[in-house]
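> Sequence:
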Amino acid sequence: MVASIGLIAALFASRSDLFLAIAGQLRGSSGRQFQTTVWVTNLSAQSTSVQATFLERHPLKSPPPSVAIGLAPGETKEIPDLPVQLQRLGVSGAIRFQSDTPIAVSARIFSAPEETGMHFNAEPRDAGLRKGDEALLQGVNYNGVVRQRTFLVETSGRPAGVIVWLRDSQGKEIAHDSFLIEPYEQRSVPIAELAHNTFFRNGSIVVRATGGSGCVLVSGVQVPAANSDGYFVEMTVTRARDRIGMSNAEVAIYALTALVVIAAVLLDFYNRKRRQAG
Numbered sequence: 566m567v568a569s570i571g572l573i574a575a576l577f578a579s580r581s582d583l584f585l586a587i588a589g590q591l592r593g594s595s596g597r598q599f600q601t602t603v604w605v606t607n608l609s610a611q612s613t614s615v616q617a618t619f620l621e622r623h624p625l626k627s628p629p630p631s632v633a634i635g636l637a638p639g640e641t642k643e644i645p646d647l648p649v650q651l652q653r654l655g656v657s658g659a660i661r662f663q664s665d666t667p668i669a670v671s672a673r674i675f676s677a678p679e680e681t682g683m684h685f686n687a688e689p690r691d692a693g694l695r696k697g698d699e700a701l702l703q704g705v706n707y708n709g710v711v712r713q714r715t716f717l718v719e720t721s722g723r724p725a726g727v728i729v730w731l732r733d734s735q736g737k738e739i740a741h742d743s744f745l746i747e748p749y750e751q752r753s754v755p756i757a758e759l760a761h762n763t764f765f766r767n768g769s770i771v772v773r774a775t776g777g778s779g780c781v782l783v784s785g786v787q788v789p790a791a792n793s794d795g796y797f798v799e800m801t802v803t804r805a806r807d808r809i810g811m812s813n814a815e816v817a818i819y820a821l822t823a824l825v826v827i828a829a830v831l832l833d834f835y836n837r838k839r840r841q842a843g
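Per our numbering, the sequence shown runs over residues 566 to 843.
Any given hint could be a false lead.
[As the list claims (entries may be wrong)] With beta-carbon atoms standing in for the labels, derived distance ranges: (1) Pro-667 x Thr-803: 39 to 49 Å; (2) Pro-630 x Arg-673: 16 to 26 Å; (3) Phe-744 x Pro-629: 12 to 22 Å; (4) Glu-738 x Pro-667: 36 to 46 Å; (5) Asp-646 x Ser-612: 22 to 32 Å.
By construction, these hints were calculated from the structure, which means they are not laboratory data.
Backbone N, C-alpha and C define an ideal beta-carbon position, used for all residues, glycine too.
Build out the structure end to end from the sequences listed, making use of the hints.
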């Protein structure tokens with residue numbers, strides 16, 4: 566019976582479910598105006614409609630905006646300023662792309678008028694971290710010359726607890742933080758919030774999924790302060806089955822995160838019941 570339900574759910578699931586970790590049309594801290602151009606390709610021999618949905622911080626408070634993109638067989642469509650079409654001007658977030666046929670999605674974030682920027686691909690929903698999985702972002706610098714941010718996107722529609730470590734070039738911990746990511750939430754973690762006044766080169770950021778049943782994509786962005794010609798840092802993933810051992814501190818963090826996730830789920834359930842009763 567359970568297998569049959571799973572098969573039915575799989576049959577009705579989107580053939581493609583891809584996520585751009587970061588998108589937006591907004592003015593950065595340097596005063597530059599950043600824009601996002603997206604390319605969507607229909608990889609099938611039939612026409613399709615792609616639903617693009619904007620994801621941001623605390624998505625449970627309001628339904629995310631979305632638009633439909635029609636594509637002929639094999640067509641590639643360029644979509645300038647997609648965040649503006651999604652009515653999210655001045656906001657950074659992620660974009661989800663769903664289609665009944667196979668698609669490919671990529672984007673370029675650039676700064677006008679210099680038009681320097683970075684290009685990256687959308688990732689499938691199952692590429693992220695499940696409970697116990699760990700992601701590594703290499704080559705992290707904090708020296709006043711390069712600005713670095715880590716982006717986390719929940720892709721399954723379920724909450725996830727994570728812990729983020731900042732380490733120096735020798736692997737020594739500089740700082741850490743842990744928090745809950747809501748279903749379909751995109752969260753940005755500036756390196757300054759972790760490093761504070763500690764400057765270093767060739768460090769790393771490690772993100773581990775510690776609780777909940779969600780799935781979290783992790784990406785890093787580094788942008789030189791002198792210009793906007795930045796680049797993306799992709800995560801190197803170690804799955805839970807390949808990891809061995811945990812410290813006592815990690816066990817405590819797992820337990821605390823699990824309690825936070827349970828409390829969040831119960832609160833959401835209570836609020837839904839109360840709205841139904843009203």
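> Compare the structure with each hint and give your call.
Hints and how they fare:
| no. | hint | in the structure |
| --- | --- | --- |
| 1 | Pro-667 x Thr-803: 39 to 49 Å | 28 Å, violated |
| 2 | Pro-630 x Arg-673: 16 to 26 Å | 21 Å, holds |
| 3 | Phe-744 x Pro-629: 12 to 22 Å | 20 Å, holds |
| 4 | Glu-738 x Pro-667: 36 to 46 Å | 42 Å, holds |
| 5 | Asp-646 x Ser-612: 22 to 32 Å | 24 Å, holds |
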